[in-house]
Amino acid sequence: MKSKLQFKHIYVTYNKVDAVHDLNLEINSGELFVLVGASGCGKTTTLKMVNRLQTPTKGQILYKNQDISKFPLRKMRQNIGYVFQNIALFPNMTILENAAIQLRAKNVSLSKAKPIVTRLMKKVGLDPKTYLNRMPSELSGGQQQRVGTVRALAADPDIILMDEPFSALDPISREKLQDLVLNLYNELHKTIIFVTHDMNEAIRLGTRIGVMEHGHLLQVGTADDIVTHPANKTVAAMFHNQRSANIADMIAGGFYKLVDHPNDQQYIRVDKGISIPQLAEKLKSNPIIFEGKYLITTKDLLSFISEN
Amino acid sequence: MLNSIIHLFQSQSTNIINALEEHILLSFVSVLIAAVIAISLAILFMNHRKLGNIMLQIAGIIQTIPSLAVLGALIPLVGIGTVPAIIALVLYAFMPIYQNTYSGLTNIDPSLLEAAESFGLSKSFRLFKIRLPLAMSEILSGLRVAMVTVIGTATLAALIGGGGLGTFIMQGIQNGNNAELLLGAILSALLAIVFSWLLNELSKVSFKKLIVIVSAILALGVGFFTVQHIMQSSEQTITVAGKLGSEPEVLMNMYKELIENEDPKLKVQTKPNFGNTNFLFKAIKNKQVDIYPEFTGTVLETLHPQKVVSHQPGIAYNDAKNILKRKDNLDYLKPMSYQNRYTIAVRRGFAKKHHLKTISDLAKISSKYSAAFDSDFYQQHDGYQGLKKKYNLHFVKIKVMEPNLRYEAIAHNQISVVDGYTTDPQLKADNLVSLKDDESFFPPYQGAPLVNPEILNKYPAIKTALNKLAGKITEKDMINMNYEVTIKHEKASTVARRYLIKNKLIKK
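Protein chains in written order, with the numbering used here: chain Z, 1 to 308; chain A, 1001 to 1508.
For the record, the hints were derived by calculation from the structure and aren't laboratory data. Predicted model, so just to flag it, every value in this text is computed and none were measured. Even glycine gets a Cβ: it sits at the ideal position worked out from N, Cα and C. Do not take every clue at face value.
Example chain A residues on the side facing chain Z (calculated, C-beta under 8 Å, incomplete) [as the list claims (entries may be wrong)]:
1) S1111
2) L1112
3) A1115
4) E1117
5) G1120
6) L1121
7) I1130
8) P1133
9) L1134
Use the sequences and the hints to build the structure in full.
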């Protein structure tokens, strides 16, 4: 895959303290890249450098091998979608006006923007007829962030930045919106950079994950890589909870049978490390086979849970 | 009280409507100018916190300067009338508008501003579609505060000839007419409430409609002023003004009638209740006013105080005329007959009973009766203190009272002797007689038109017209006319015209 966005020796320094320290990172085109870490680790600062809300103190960011600081600022930003932690819909505008705002920045009239917004509203599960003319305050937090997502997609940007978009939502809305992001990602294959402090969310969403702490990028890899081969103790500690809830732990604990008939059609095949809840979801329909040889049944799962 | 207010309403409706119009215009124009300046500055400084806060401090300091001081400070710079009034009001309206606009524009949720920036919106889009609409409710509440403050403060405009409802308040204070005072106060309070309500209603309207409404009002206002300006400038206008009160207003109207009668091409604009002596005198020197009636006594005692003032009216007039020509290059035309000076008055019946015609007559019996005097008159050397020595007066008791109360006291027989002015309408209303100053103690106060000489050179007809009043109007005439305007609430213009026709000074 062609590398699209490159961070080269990036430093951001406030009052002689590095908020970001020697960051080197490549994010590929069409990737859902998650930056994860505790608050203050520099992940949002990193995100904001992509659309130049934040300027690096030192270093260079390249997009398609060109220095982004050379791009005309407004034009560049018009091609980057943004979903905000506190949603930030404009309270004085209708849902339609809010969702169409980046299109209007690109001089698309509201009437031309309307069909685009309407299509996207349907995609995120909001009835356009009901909602387009409402004000943001009339919507629930989850609905508002769906609009926030529509707003980020409407101008068909190359990159979408998502800054802890679901952290303010209740767990049920959060999960639904995570599904929505996954669906949209699978359908549209935009480059998404997603910032979160929630390791679960990172594992659930990220094609690759970058782990940050105190301005340092500790590890970059797939969820599997990071959970199974943490680069250091810090990363291991951060993902400890995720580790304990992994299918690999069941195998390690012996909660399985070896498969007699691996080609049996009734089994669900799983090759990737999945979490216990994901496993439970799948077991509702059929027993599964992990990595072609371990057979796991509902009974195995129950024994694992009861013993842990 | 209520009855007299209602009566005032009926008899003075044109004046009230004029004053209301002036007041609204004055307030509205001031708030509008202040809004344009304050909102522009707030926008200019919204991204420069330091400058913005410095401006806020300055606005706060301006707000603490007493309004009278501001008006006083403005007179040498811009003279008197509407202009300084508007400048002062703009200064007062500035702070609430600026403060609210600035806080409205800068206290917007920073994440919204960041969002606006992130989507690559233009500066003008961010300002007009996001920042201003979000700040609008605060801006409007600032405008509301400004409007209410200005409507209240605008009553002071009357002090410097700016007109408006303050005229009634000033006149009320001057004449001791509480109904008039209340009328002015109530109307300005009502006006403040109405405007406050209107602005509150406006805050419920969407931003777009608001812009449309404001531009419509602006366009109408500009149109109105342009039309007015064009109409005014097409004619030769002469400005006649007068101090507070009915007497100057009657005289002004006489001047107007006489001039327009003499030369129909001339147009005279009257500015009644143009403030006190000093304001008016400055105005005529600055050529904002062309003509106003002034008293010889005022010239010699107040405007250019003389050590010795002749008690001969003719000499006093000539002195005044020469001083005005020499020091101010103003022409003082021929005086009228009557004098408006201090006098001592008693009830008609009392005078008859004791055969009183002069103050000397009164001196003989003064030790048996009590008097009530206005405090200024009582304290001054050219008032009671001097009079006492000259005539050897010894009253049983002297009460110092408000001018209006002492008339009430004598009307109700509680007191026998009062001071007053020779043309006070109360002399007629309360059936009093004024005693002759047979020893010529009081300096003469003869009224005559004070005129800007340029206008006389340009339009010689004016001199002819005004001199028709020379030697005319007796004290009795003036008391009657003051009575008709102040007590009967007739229009000054009607009263003036009636006198001129009756005395064949103009043709009907």
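Checked against the structure, which of the hints given earlier come out wrong? none
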